[in-house]
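Peer 1: Sequence:
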Amino acid sequence: MRKLLNVILLMALFSIAQAQQDTTSIILSLEKAQELAKTQNLELKNSKLDENKVNFQLKEAKSKLYPQIEAYSNFNYNYAIPKIILPGEIIGQTGMIPVEMGTKLDWSSGLKATQVIFNLSYFTSLKMSEKMTEISKLSYEKKEKELLNQISKIYFLAISTKMQISKLQKSIEDADKLIKITQSLNQQGFVRKIDVSKININKNNLLSQIDNLQLLHGQQKNLLKFLVGIKSDKNIELSDTTIFLAAYSKNEPNFDNKEDVLLLTKQLEVTELTKKSLKGLYVPSLALFWQHYYQSQRDKADFFKDTKNNFFKAGLVGLSLNIPLFDGFEKNSKIKQKDIEYQQISNNKELLLDNYSKQYRDALIQYETGIQTLKRAEENVKIAKDAYEIDLVSYKQGILSQSDILSSENNLIEAEINKINQLFLVKSAELELQQIEQ
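Residue numbers (mature numbering (1 follows the signal peptide of the UniProt record, and there is no 0)): -19 to -1, 1 to 419.
In case anyone wonders, no lab produced these hints; they're calculated from the structure.
Glycine residues also receive a C-beta, built at the ideal position from the N, C-alpha and C atoms.
Beta-carbon label-pair distances, calculated as ranges:
(1) Thr20 <-> Ser213: 13 to 21 Å
(2) Asn328 <-> Asp367: 56 to 64 Å
(3) Glu322 <-> Ala61: 51 to 59 Å
Only pairs whose alpha carbons sit at most 27 Å apart, straight line, appear in this in silico BS3-like list of lysine-lysine:
(4) Lys118 <-> Lys108
(5) Lys315 <-> Lys260
(6) Lys123 <-> Lys112
(7) Lys260 <-> Lys319
(8) Lys257 <-> Lys330
(9) Lys40 <-> Lys29
(10) Lys257 <-> Lys43
(11) Lys366 <-> Lys148
(12) Lys260 <-> Lys330
(13) Lys26 <-> Lys124
(14) Lys330 <-> Lys126
(15) Lys330 <-> Lys256
Work out the full structure: start from the sequences and follow the hints.
Peer 2: See the structure below:
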């Protein structure tokens, strides 16, 4: 009985420990979130699998460089044996007579191999496959950077929401102080009881704003978990609590090394190689072949009845030369199509570079404008805070109306929230600049 109680106690302790482990929050810094996303995001994993798949496709293409060897065994039943016409004189008859060639049963088994010696179209296709691996790698790097940038935006958005919640909670504390002051003034006969209720209404409005922001903050964290690759039933907490800004120069970066531009450059190279491969189809191809086999011909299925002369050895080795002559202008039409495709990709590359230049200038203007607006927002907070402190003293002395103190309080809250929103907008513009530059 004592052993049973010990087992039950251990199981209970294990369950409690497991429950505590499940409710433990994962502390996420921005850097940790990005590192986790590199290994846990499912879309990024699929992109990596695509890259691995293309690498194996290259190995598949290169397999034709090696000898292609296979074993075979063919069994034939000739229900109508082929005949040839021979002069009857060879057997003492006049005219032409039909003679059967072969037996009813034919069995041959052996090995055969082929080896490409020269095939310009195939060799060019190998280079195309190598370019495709480079394209796949660039696509993965592009998706990774886009994911990390998206995580940064959501992370800082969640921080800004948390900062707004903190400011409103501080405003709740100020509202409680104001309620106590108003209650004291009411007891002294300076204000009415309804004035206390009005401040409570203002406090309740702040509480509703906090509830809405907390709901929004939870949704933002859920999106962050999805992007990082954390299970939805896990809790996370953001370790970063403030938004820092970085300085930027006005020098326009070089966009030639961006993944999108490099992808189009690689596509141009692939298109050029495709044209070369099509032109290679006009060039003769040469291959080596070899075959070694054993053959037996019988009228009955008694291939192993005798030990001698059952199977006869045969073999051959040679060269196969294929010379294209005329295809109805098929390859020429395909080459013309690739010429058009090459020009389209070139135009798209030029358009993309122009678009990046425009995006960078627009983002830089937005960033610089945001910095100026943020400075004004910070100044407004300072002014509103000073005004509120002065008005609060006047309200305590009974020389300031309740509507004025409520207006002063709301102005301070609005200024602080506006500053946080503006800070996030500047950070978003900064991240946009980073994304364009990378």
